[in-house]
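**Student:** In the order they appear, the protein sequences are chains A and B.
Going by this note's numbering, the residue at position 386 of the first sequence is 386; the numbering climbs one at a time, nothing skipped.
Going by this note's numbering, the residue at position 264 of the second sequence is 264; the numbering climbs one at a time, nothing skipped.
I should point out that these hints are in silico values taken from the structure, not numbers from a laboratory.
Don't take every hint at face value.
Here are the computed lysine to aspartate or glutamate pairs in the DMTMM-like style, where the Cα-Cα straight-line distance is at most 20 Å [to be verified]:
| id | chain 1 | residue 1 | chain 2 | residue 2 |
| --- | --- | --- | --- | --- |
| 1 | A | K255 | B | D137 |
| 2 | A | K338 | B | E140 |
| 3 | A | K449 | A | D432 |
| 4 | A | K382 | B | E140 |
What follows is a list of derived Cβ distance ranges for each label pair [as the list claims (entries may be wrong)]:
| id | chain 1 | residue 1 | chain 2 | residue 2 | range |
| --- | --- | --- | --- | --- | --- |
| 5 | B | E47 | A | I482 | 51 to 61 Å |
| 6 | A | K230 | B | I172 | 30 to 40 Å |
| 7 | A | P295 | B | W165 | 48 to 58 Å |
Glycine included, every Cβ here is placed at the ideal spot set by N, Cα and C.
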Amino acid sequence: VRKHRQHRNLFKNKGKDETTLRRQRVEVSVELRKAKKDEQILKRRNISIHLEENNPFLGQHKADEVIIPLSLDEIVDAVNGEDTHLQLLATQATRRILSRQKDPPINQIIELGIIPRMVEFLDCADNAALQFEAAWALTNIASGTSEHTRAVVDGGAIPAFISLLSSPHMHISEQSVWALGNIAGDGPLYRDALIACNVIPPLLALVSPATPVGFLRNITWTLSNLCRNKNPCPPLHAVQKILPVLLILLQHEDKDVISDSCWAISYLTDGSNDRIQVVVKTGILPRLVELMDSPDLIVMTPALRAIGNVVTGTDQQTQEAINAGVLTVLPRLLRHTKPAIQKEAAWTLSNIAAGPPQQIQQLVSCGLLPPLVELLDKGDFKAQKEAVWVVANFTTGGTVDQVVELVRSGVLKPLLNLLLAKDSKTILIILDTISNLFLAAEKLGETEKLCLLVEELHGLEKIEDLQNHENDMVYRAALAIIEKYFSGEDSTDLEPQIGQDGLYDFSVEKQDFNF
Amino acid sequence: LLFLQRVVLLVASDVDALCACKILQALFQCDHVQYTLVPVAGWQELETAFLEHKDQFKYFVLINCGANVDLLEILQPEEDTYFFVCDSHRPINVVNVYNDTQIKLLVKQDDDLDIPAYDDIFRDEEEEEEDSENESDGSEPLEKRRRFEEEVIERTMKRRQRREWEARRREILFDYEQYEYHGTSSAMVMFDLAWIMSKDLNDMLWWAIVGLTDQWVQDKITQMKYVTDIGILQRHVSRHNHRNEDEENSLSIDCTRIAFEYDLRLALYQHWSLYESLCNTSYTSASLKLWSVQGQKRLQEFLADMGLPLKQVKQKFNSMDISLKENLREMIEESANKFGMKDLRVQTFSIHFGFKNKFSASDIVYATTSLMENIEKEGPETTNFIKALDSLSRGNLDKLHQGLDLAKKQLRAIQQTVASCICTNLVISQGPFLYCSLMEGTPDVKLFSKPVSLCLLSKYLLKSFVCSTKNKRCKLLPLVMAAPMDVEQGTVIMVGIPPETESSDKKNFFGRAFEKAAESTRSRTLHNHFEMSIIELKTEDRSKFLDALISLLS
Numbered sequence: 001v002r003k004h005r006q007h008r009n010l011f012k013n014k015g016k017d018e019t020t021l022r023r024q025r026v027e028v029s030v031e032l033r034k035a036k037k038d039e040q041i042l043k044r045r046n047i048s049i050h051l052e053e054n055n056p057f058l059g060q061h062k063a064d065e066v067i068i069p070l071s072l073d074e075i076v077d078a079v080n081g082e083d084t085h086l087q088l089l090a091t092q093a094t095r096r097i098l099s100r101q102k103d104p105p106i107n108q109i110i111e112l113g114i115i116p117r118m119v120e121f122l123d124c125a126d127n128a129a130l131q132f133e134a135a136w137a138l139t140n141i142a143s144g145t146s147e148h149t150r151a152v153v154d155g156g157a158i159p160a161f162i163s164l165l166s167s168p169h170m171h172i173s174e175q176s177v178w179a180l181g182n183i184a185g186d187g188p189l190y191r192d193a194l195i196a197c198n199v200i201p202p203l204l205a206l207v208s209p210a211t212p213v214g215f216l217r218n219i220t221w222t223l224s225n226l227c228r229n230k231n232p233c234p235p236l237h238a239v240q241k242i243l244p245v246l247l248i249l250l251q252h253e254d255k256d257v258i259s260d261s262c263w264a265i266s267y268l269t270d271g272s273n274d275r276i277q278v279v280v281k282t283g284i285l286p287r288l289v290e291l292m293d294s295p296d297l298i299v300m301t302p303a304l305r306a307i308g309n310v311v312t313g314t315d316q317q318t319q320e321a322i323n324a325g326v327l328t329v330l331p332r333l334l335r336h337t338k339p340a341i342q343k344e345a346a347w348t349l350s351n352i353a354a355g356p357p358q359q360i361q362q363l364v365s366c367g368l369l370p371p372l373v374e375l376l377d378k379g380d381f382k383a384q385k386e387a388v389w390v391v392a393n394f395t396t397g398g399t400v401d402q403v404v405e406l407v408r409s410g411v412l413k414p415l416l417n418l419l420l421a422k423d424s425k426t427i428l429i430i431l432d433t434i435s436n437l438f439l440a441a442e443k444l445g446e447t448e449k450l451c452l453l454v455e456e457l458h459g460l461e462k463i464e465d466l467q468n469h470e471n472d473m474v475y476r477a478a479l480a481i482i483e484k485y486f487s488g489e490d491s492t493d494l495e496p497q498i499g500q501d502g503l504y505d506f507s508v509e510k511q512d513f514n515f
Numbered sequence: 001l002l003f004l005q006r007v008v009l010l011v012a013s014d015v016d017a018l019c020a021c022k023i024l025q026a027l028f029q030c031d032h033v034q035y036t037l038v039p040v041a042g043w044q045e046l047e048t049a050f051l052e053h054k055d056q057f058k059y060f061v062l063i064n065c066g067a068n069v070d071l072l073e074i075l076q077p078e079e080d081t082y083f084f085v086c087d088s089h090r091p092i093n094v095v096n097v098y099n100d101t102q103i104k105l106l107v108k109q110d111d112d113l114d115i116p117a118y119d120d121i122f123r124d125e126e127e128e129e130e131d132s133e134n135e136s137d138g139s140e141p142l143e144k145r146r147r148f149e150e151e152v153i154e155r156t157m158k159r160r161q162r163r164e165w166e167a168r169r170r171e172i173l174f175d176y177e178q179y180e181y182h183g184t185s186s187a188m189v190m191f192d193l194a195w196i197m198s199k200d201l202n203d204m205l206w207w208a209i210v211g212l213t214d215q216w217v218q219d220k221i222t223q224m225k226y227v228t229d230i231g232i233l234q235r236h237v238s239r240h241n242h243r244n245e246d247e248e249n250s251l252s253i254d255c256t257r258i259a260f261e262y263d264l265r266l267a268l269y270q271h272w273s274l275y276e277s278l279c280n281t282s283y284t285s286a287s288l289k290l291w292s293v294q295g296q297k298r299l300q301e302f303l304a305d306m307g308l309p310l311k312q313v314k315q316k317f318n319s320m321d322i323s324l325k326e327n328l329r330e331m332i333e334e335s336a337n338k339f340g341m342k343d344l345r346v347q348t349f350s351i352h353f354g355f356k357n358k359f360s361a362s363d364i365v366y367a368t369t370s371l372m373e374n375i376e377k378e379g380p381e382t383t384n385f386i387k388a389l390d391s392l393s394r395g396n397l398d399k400l401h402q403g404l405d406l407a408k409k410q411l412r413a414i415q416q417t418v419a420s421c422i423c424t425n426l427v428i429s430q431g432p433f434l435y436c437s438l439m440e441g442t443p444d445v446k447l448f449s450k451p452v453s454l455c456l457l458s459k460y461l462l463k464s465f466v467c468s469t470k471n472k473r474c475k476l477l478p479l480v481m482a483a484p485m486d487v488e489q490g491t492v493i494m495v496g497i498p499p500e501t502e503s504s505d506k507k508n509f510f511g512r513a514f515e516k517a518a519e520s521t522r523s524r525t526l527h528n529h530f531e532m533s534i535i536e537l538k539t540e541d542r543s544k545f546l547d548a549l550i551s552l553l554s
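Chain A extracted, bound-state conformation (with noise of 0.2 Å):
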């Protein structure tokens, strides 16, 4: 029993394995984000200030565009003719086009077919200003869709912005540093295109303690989409360089800069167990642990999903994690006031729960039994669902002694409750379980006391109501329980004991009852 796959092994039937639960985890977000992006795009990114101060010719031109709009074929005109001068007042109005916040005509740009010219203009090493237009241009470009930043790759662009990672202009090599990100981040293809143009070592050199920080920022974020994106994963011998490097960044004071470094590391995680071992070798992972317990959400997001990424590996792994503290932090996760925050801990736990019985018992040992009960009792329900997986690989394994303080911690009423949930997944995991406390108590010679308190905490009904669950399953599962030990002669000798007074007969059972 192992991790998501436990999860599978529970669900043979439904036939989804391990990924393409995962995935649904990851594409549901990635829709959200998708929905607000138009609206975030707005206010994510920030303009350090070095660059209005390092770029003298920024406010000059400023005021030479009020005097000269140009329309698109005055810039056609002057972007492939000779004057320079002409070059940069239209290769900045372009800028200007592409800067604006609503709408920008990235297709209609496209389609001049000044792309490749632009990119010409990257290398005039005697014309900052026109690179510094021309990059800004370009980036603004890559930002659209797949096929936007296509045009700009097939434009020729990747050497060029590579070669200006090392401009003596900063402003000039930060604005490069952004185009690759946005080349990067558009998928796999060109991530590993820009590896392979040996982007890494000249983009790692920009990484020193001199660095301005929202120059780090960029930075930091443009290794995330070197780091990001899995079918392929990235390569190792890439992932290998870039990891020192976050390593030190994750040290930063910055928080931004600290995010992106956690969301670089829970990309890597992202992956087969040998891919969690290259980060888990780094050692980084009480570095991790201790974000987790960050106060700021941007922080604590990324590294509890490293973290929980981290746990999905194997036993030793796991254990990795666990000596460096993830479940002294996780109590106050499972208790934040962000169902999402609530939910990857919850994850997070059901994975720690799929371990060996001597991590279950640390996890016991550690506490975690008496917010998860609140969780499951409490907790928004998408973390509540993520709670009924801790208890579900729990309670398959567990030891008898531990399914007793699983019990015992209180967990069986508000699981009881979540049967009346509409979600028959949830239900039949539930059901899952419950079969699973029964094996237990069959084992101590405790079934009918355990039947006993099911009944007593309105749990029988619930199942008995489960018997007309439109999904079958649920209908079969809820059957076989009812079948196996609630409808034995004891059953039929108890009923009249229940019409009368039955609740308070079994609570008075219940005290020497073991569980």
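Position chain B against the provided structure of chain A, taking the given hints into account.
**Tutor:** Using the frame of chain A, we list chain B on its own:
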């Protein structure tokens, strides 16, 4: 005001608050509302009382306290706790004004509050949070980002606008909070409430009158405001007491009659001797400069001018010859005019219980104040409060008389202290304000550790000083007065009062000034009183505190 649950009444220690409390108690009795009454002398007690009761109670009525601070901030109540605030302290804290869920203010509609507009002082947080929210929601970074041009400019613009707005906000709030003053008496507000509910009784009306008179005696409101409010109450008085104008029915059902009067501005004279009253009334004593030998001579001349034999003047007013009393007011006024006392006549009310007992509204104010600040310990902390509250009921004549005796003592003590301060030049000009400090060991100094008594003393002293000094600049200065508070703890109580001028708007800036001075010198001070212009501080911090105050106000 529909209370389904028990409520807590938190009542400040001033006569107006007591009167408002009496009216509300009577209303509660009508409606069978259960309540718990807790006297609170200052912020600390208010907080303690709230903490003690917040678990069992959801409704709190605050009388003459709470309006001028951010209640939610200092009390941190649960969301289902509600405060009904009836408080004459101004300015009202803006958060209280614009909180429409937990804080209900009982304020007279036509009071001129000059509250800043909502949009000028509050800003919907959305705008600012947009940025931070998106930056802090923990979502994954974007795959691609476009670089904007306008952003730099827009951000600076936004930031600049925001800075300007904030600067303006500070300015508006500074103007609004700069001066402390008083609005309509809480007793009057409470009476209005009773009247609107058609539950107003003559007793309640009397308490409203006493509440207003308290504001006048304590010099909390302008002459203009006093006269206006007297007019309002006069209409209620004639409505309630008109049947008594008919001679035959001069005995009302409950033997109580309230009458409007032009009376003499002589403290307690109907329960004292005319002579004592003349000597111990701030107005006459200051005008005649009674602390000097010449002043005493002037008093004799004044009495002679009226043609009143000294023997008559010095015996109990009740025992004076009826023939003398008949035209007494007119005679006194006429002579007073000659001696430069043009305002000896005041509009006020009196109450008759049957035939025998007659009290003027100011008599009650003096008596109740003295009971409340009685320095002879007679039991637990709340004894004085309860006694003072009881003295307001008609049935408690003995308490009232005890109060009158205490009041006479108090007025004498004040007058003697004023005289000695002036004769020994204890009032000194510090530049921006006058300053007077009472030494430990001064007679009656213990009495002036109490806020209301100290304020009365300060006001009487300033009046007398203005009459005594020839320095024209000094006549226009406010006064800061200090008295020992707790010798063991080494603390002094300090009060600041506005200048004594004809056109005074009674607005007091010392509250803010004290706060700033304390902050800048890190003096160990305690702003415990509901009047912000009263402060307690460690004796050894006094001089640095004063230095800071001087440089602040210079």
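**Student:** Now tell me if each hint is right for this structure.
**Tutor:** Evaluated hints:
A distance of roughly 13 Å separates the Cα atoms of K255 of chain A and D137 of chain B; the hinted pair therefore holds under the 20 Å criterion. Proximity of K338 of chain A to E140 of chain B is assessed by CA-CA distance (about 16 Å); at most 20 Å being required, the pair is judged to hold. Taken as a hint, the K449 of chain A and D432 of chain A pair is honoured in the structure, with Cα atoms around 19 Å apart against an allowance of 20 Å. At roughly 19 Å between alpha-carbon atoms, K382 of chain A and E140 of chain B fall within 20 Å of each other, so this suggested pair holds.
Separated by about 59 Å at the C-beta atoms, E47 of chain B and I482 of chain A satisfy the suggested range of 51 to 61 Å. At about 57 Å, the beta-carbon gap between K230 of chain A and I172 of chain B misses the expected band of 30 to 40 Å. Against the hinted window of 48 to 58 Å, the Cβ-Cβ separation of P295 of chain A and W165 of chain B comes to about 29 Å, which falls outside the hint.
In summary, the numbered hints that this structure violates are 6 and 7.
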